[in-house]
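Modelling step: build the complete structure from the supplied sequences, incorporating the hints.
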Amino acid sequence: PPTLEDNISDMQRVMRGLRAVTPDSLEPSYDHPELIKVLPAVLRESDWKITLLLLHGRRQEEPDRIIDVEAGDTTARLYGLAVDIGTTTCSGVLIDLNSGKVIAEASAYNAQIRYGEDVISRIIYAGRPGGLRTLQNKVVATINAIIEDICRTMIISPADISYIMASGNTVMSHLLLGLDPKYIRESPYVPSVSQFPLTKAAGLGIQAHPSVRLFLYPCISSYVGGDIVAGVHAAQIAKSELVTLFIDIGTNGEIVVGNKDWMVSAACSAGPAFEGGGIKYGMRAANGAIENFYIHPVTYDPMLITIGRIKPSGICGSGLISVVAELLDSGVIDQQGKFNRNLDQPRIRDGRDGWEYVLAWSQDSLIGEDIVITEVDIDNMMRAKGAMYAGYQTLLESVGLTFADLERVILAGNFGAFIDLEQAIRIGLLPDMDREQFYYLGNGSLLGCQISLSDVRRFRERVQVRQLITNMELSENPEFMSHYMAALFLPHTDMSLFPSVRDRLADRN
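Numbering (the numbering used here), first residue to last: 236 to 744.
It is worth saying that the hints were derived from the structure and are not from the lab. Take the hints with a grain of salt, since some may be wrong.
Here are the computed lysine-lysine pairs in the DSSO-like style, where the Cα-Cα straight-line distance is at most 30 Å [unchecked claim]:
id, residue 1, residue 2
1, LYS546, LYS336
2, LYS435, LYS417
3, LYS435, LYS272
Structure below.
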């Protein structure tokens, strides 16, 4: 405590005490006005025994900062929030920074979705008067809903969250910070920034301590975002000698190829088929969605498995893959995705939208009408998987490699976790490789944020990972369209690329 002989300011006293207990004599800044307001009372009420919350700067131009001062020893209560800012769903996990363990989690639909289901729609909406501000407010509200849910579960205050690490695609990152994404959509497809500044979370409207900083994973290009950098970081590709193909399948499919010495990335517009878009009875992965499908080899009657094990109401992405793979395997459709008109099965019929297969009769469905898959649906799915496969092939060729050179394939994203590997290979969505070379990462975006928060060393690696990746624009590569056209077949026009499927179909015939 101060005396008449030692009556320096309270903040000077704190700094002196900090220098005494830190080996490198820290001299952090304190740019939060509220900190100075509460400091005198906290010091005296705690008998001059306090805990300082420090934020270490990443670079020389970013000094260490005092984020908060707390009475007594509060080192046991140190929390960080990892957030995946998804186009459809946002997810968050609360991490005990002392142990590195996840202690709570929550998710919510991105409230921006009412203004557009994909990033292009949202870029267009952001161009309207007040549109950008609206979209920013909506994603902030979604993050706040996640924070409220987690804090309610853990019986803590949002002010107890000390650090926030987030990642999202380039458009979502721009919208969170209120940056105009207009030029991401227009050639030559340039984002405002790829390395995002350290930002005060409260300044964006996020419910957290006023001094808490928000870290955003850096992006690679307009359509390969921080969520992919986070996934690559989580998969530790930058530390491995194994030549790896990293895949995140979605409306905008992202691909990375490489190892610790080099990496190249690309994005391919697969379209919304794998998220239920463009499919007559397509839907998101929710209760009632057909997620798996089997067909009787003689009667051609289906067996459906739905999410929630209730009557079907539509088909989600994993279900679409399963249905097409089984219809192909049983001979109900050919390799062009056309139905076999010669089969004596009432489920195969010429419907209002062309030839179709009835997955569920009206009396067996939740929506009271026949649920079908049409040739148009199958064609849309073939375009989506064709774009993804052509992306892998083009990216590999750009660095002088083939699928035979790959040593592992990592499937990222929530959708990737629900893909049946064999079925995905049978339709040509994934390369026909040794099944032991495939690995599921899950939500790599969230996992990357989590490890960055729980490990200081890994936290510092994330920018280095981004710097290792070189982006390639598939739209500028003439080989991409050639590969795409060749992939509009089940599984592919070049069956030598799919030997196991070739042999399987030969056995069936």
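key: Holds or violated: LYS546 to LYS336, with C-alpha atoms at most 30 Å apart   = Not OK: LYS546 and LYS336 at ~38 Å, beyond 30 Å, violated.
Please verify whether LYS435 and LYS272 have alpha carbons no more than 30 Å apart. Holds: LYS435 and LYS272 sit about 19 Å apart, inside 30 Å.
Agreement of LYS435 and LYS417 with the hint, judged by alpha carbon distance not exceeding 30 Å = holds, 24 Å
Hint 1 alone, counting from the list given before, is not met by this structure.
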